[in-house]
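Enquirer: Here's the letter readout for the chains.
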Amino acid sequence: MRPAIVFAILVQVLIMVLVLIPPLVVRATGTVVYLETEKMDPRALFRGDYVILGYKLAQGILTEEQQRDRRASTPVYVTMTTERPARFVAVGFERPEPTEGQACIVGRIRGWNGSVDFPQIAQYFVPEGTGGVLESARGANLLAKVAVAGDCRAVLLGLEPR
Amino acid sequence: MAKMDVREALTLWRQAGLLEPGKAEELSQYLERHAPAPGGGRALRIFAGFGAVLVGLGLILFVGSHWPGMSPIVRILTLFLAYGLVVAAAWTAEIRRYPRVAGAMWLLVSLVLGANIILFGQMFNLSLTFWQGPLLWMVGALALAYAVRSRLNAWLAVPLGLLALGWAGGGHGWFTDDQWEFLVSAEGLRALFAAIGLALLSIGLLAQRSAGWRFASGTWITWGALIVAAPLVLGTVDGRVLDWLFRMHPGLKHWLILVASAGLVTAALLRASLDDPKLSALLVGLAIVVLGLPLLGATGFRAHDYGLLFLFYPLAIFSASLLTVWLGVRAQQSGLINIGMGAAAVVVLIQYFSWSFRLLDRALAFVLGGVLLIVLALWIERKRRHLIEGFAP
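In order, the protein sequences belong to chains F and R.
Just so you know, we're using our numbering here: the first sequence kicks off at 1 and counts up by one.
Just so you know, we're using our numbering here: the second sequence kicks off at 1001 and counts up by one.
Worth flagging that the hints you see were computed from the coordinates, not collected in a lab.
Heads up, the beta-carbon is just placed ideally off N, CA and C, and yes, glycines get one too.
All the pointers check out, no bait thrown in.
Listed next, with one range per pair, are the computed distances between beta-carbon atoms:
#: 1; chain 1: R; residue 1: K1278; chain 2: F; residue 2: R95; range: 47 to 57 Å
#: 2; chain 1: F; residue 1: G60; chain 2: R; residue 2: S1280; range: 57 to 67 Å
#: 3; chain 1: F; residue 1: E65; chain 2: R; residue 2: D1238; range: 43 to 53 Å
#: 4; chain 1: R; residue 1: L1183; chain 2: F; residue 2: F88; range: 32 to 42 Å
#: 5; chain 1: F; residue 1: R95; chain 2: R; residue 2: E1026; range: 48 to 58 Å
#: 6; chain 1: R; residue 1: L1309; chain 2: F; residue 2: E65; range: 44 to 54 Å
If we strip away everything but chain F, and leave its shape as in the complex, we get:
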């Protein structure tokens, strides 16, 4: 095989590995937290069905002062306990240093009601046709199992009954 082709194939394989490594590292080394889900909304898409998740502990947590300082692209860090389900501890614009029994997830501000979204764990892909069943279990009855890294990145592992 010509060296240029070998190099191009290696670049493509490296790209696939690069996509895989960050979530695999978070899954393998992250702290597991269980978050109460707030809402679900199944949609059929090219990638299969998925449900949209909101998280109860991230609703209405920003103070008025924090909302005044808001910038749409500014990351927001939410600290929570590792209990099952997790409890809200703190929210801020600086990356926190969670103590024992705590974890943090990075998100962004949603709307004007002081709520925070976690885009990286907002979508959960499910087998074709099963979105509706999950929708009926919406709300606090269903917990999201999330692996969280030290730098507040998160990967959604699955959904479990409370």
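Here the structure of chain F is known, so what remains is to put chain R in place on it, guided by the hints.
Expert: Just chain R now, with coordinates in the frame of chain F:
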């Protein structure tokens, strides 16, 4: 004498020092464009390309629908195995000297790369507007395009770049329509498509100077011209449409795109082989229009408020379309000729329908519109054939 294909012969001569690398590339490009294809070459390329796309789609759907029964490790291994098999098939077609099938298979390699990235994203529940996905896919497609001099892969890289640019830092990515928000919102790329097209056109002109990328220059120039032409031509409908198209709520991304576009035009003017001052003047004029319109849109300027001024706009775009045809003839790019003629025809049609319903009886307006369409089609077909036949052999 041993039988070998042209590429091997060129490599042999290059290695023996009988041929400069640049000259070898030039000869290879020339043959690729002008060598008479064996019977059914074009049809073969279309069939093979279409087959590659179908296999790619089938793979995504097959693997996607069988996810529930597989563990994550098995899923990952399956995807890598599928990729390895397609690479092996492409390479086999290449060494067995089926160049058209090999070309389609190299495209399939990049399609499977994209499918794998999307499916990895699905596996780890990554957001729908996971912009790093198309960006990495584009890098992979470009690497392969360069390695096998694949115009199909160079073609694929353009929509992927647009998608990555559109999704980066924008959109919510929650609902299906959020994924396409960047196409229509003032915070997205709506006002910047022409500027992005200009940047792509400049990259295409710069690629003409590079032995390694010359194969892609025509593809990118055509893509660039198309992306520039679409919003400018659409804007001839009405002053309000033009205002909407170029209204922008700029953020850092928008300023970066405008600066990058201006930088690439400057680089093309300085480094590309623009031996004709008229061509440079055309590029400068185009840059002033496509970079100026979003800047005016950001300041709140409304073309609709200056009715008389807007009357000149369709005329300017019609002239620019004809200049594009001239550019296509000079560069021997049939894609540019098609875009120029298509744009000129659309401007004429838009103007006809804007005025005729006000001035004529409705039935007469339709009849004359139909006649105009037929005459335009005849003119385009005749002129296009004449211009393309005039290309150097």
